[in-house]
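> From first to last, the protein sequence lines are chains W and H. One point on numbering: in this note's numbering, the residue at position 64 of the first sequence is 64, and numbering is uninterrupted. One point on numbering: in this note's numbering, the residue at position 20 of the second sequence is 20, and numbering is uninterrupted.
Possibly wrong hints are sitting among the right ones.
As the list claims (entries may be wrong) - What the simulated footprint calls covered on chain H by chain W, stretch by stretch (three residues with Cβ under 8 Å from a Cβ of chain W suffice, anywhere in the stretch; the number is not a length): (1) 42 to 56; (2) 61 to 74; (3) 103 to 113.
Stated by the list, open to error - Sample of chain H residues with no beta-carbon within 12 Å of chain W, all distances over it, derived: (4) Val4; (5) Pro8; (6) Leu11; (7) Ile12; (8) Lys13; (9) Gly16; (10) Gln17; (11) Thr20; (12) Arg22; (13) Ser27; (14) Asn77; (15) Asn79; (16) Gly97.
If you're looking for bench data, these hints aren't it; they were derived computationally from the structure. Yeah, the Cβ is synthetic: ideal placement off N, Cα and C, and Gly gets one too.
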Amino acid sequence: QKEVEQNSGPLSVPEGAIASLNCTYSDRGSQSFFWYRQYSGKSPELIMFIYSNGDKEDGRFTAQLNKASQYVSLLIRDSQPSDSATYLCAVTTGTASKLTFGTGTRLQVTL
Amino acid sequence: DAGVTQSPTHLIKTRGQQVTLRCSPKSGHDTVSWYQQALGQGPQFIFQYYEEEERQRGNFPDRFSGHQFPNYSSELNVNALLLGDSALYLCASSLRGHSGNTIYFGEGSWLTVV
Chain W
1 QKEVEQNSGP LSVPEGAIAS LNCTYSDRGS QSFFWYRQYS GKSPELIMFI
51 YSNGDKEDGR FTAQLNKASQ YVSLLIRDSQ PSDSATYLCA VTTGTASKLT
101 FGTGTRLQVT L
Chain H
1 DAGVTQSPTH LIKTRGQQVT LRCSPKSGHD TVSWYQQALG QGPQFIFQYY
51 EEEERQRGNF PDRFSGHQFP NYSSELNVNA LLLGDSALYL CASSLRGHSG
101 NTIYFGEGSW LTVV
């Protein structure tokens, strides 16, 4: 079992729709959870992080964490073509800042 | 305020050669981590340096080694290059004991082994 699992996609959504990206993790000791956006040929860019159960909103983005189910998700409202990228889910365990990544979900926002 | 800087951005090496990649962390950060990202995969943790010592290491062979200097900058060295070492190498800087949005990535170094 992989430590962090994501559906590789591609996930295709029309412009203006809500994109829902999901991630599960295996280590119950995981403490912080991150979503990174990565455009082709570029480095990962942090979108959001969350460490408490529930929802965290930042603009068009909402991260949702359910530690009991070991599940974290990212919702993108009013999806734009510029949101087309690979979205990487990552977790940390303990106080060290070592990130364990999933393989990423490719999102395509269509016109 | 400079972010994380990496050099070189692209390089091509031959199998068996050695390569050194460099990273300067974000101002105020004291911890540097290195990741390898193969095409179509998520970044894989190589190792982390803090106070000039390797603190954590991922599942990478001894051909991968590193160093951290007193000014917190870091080098990643890979010896006896294999074709499979072709990847994007990412440096991440952070502040020890903090989490959340304090982990920043550089633009990466693209290594091609031929």
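> Going through the numbered hints above, which ones does this structure break? Give me the numbers in ascending order.
2, 4, 16
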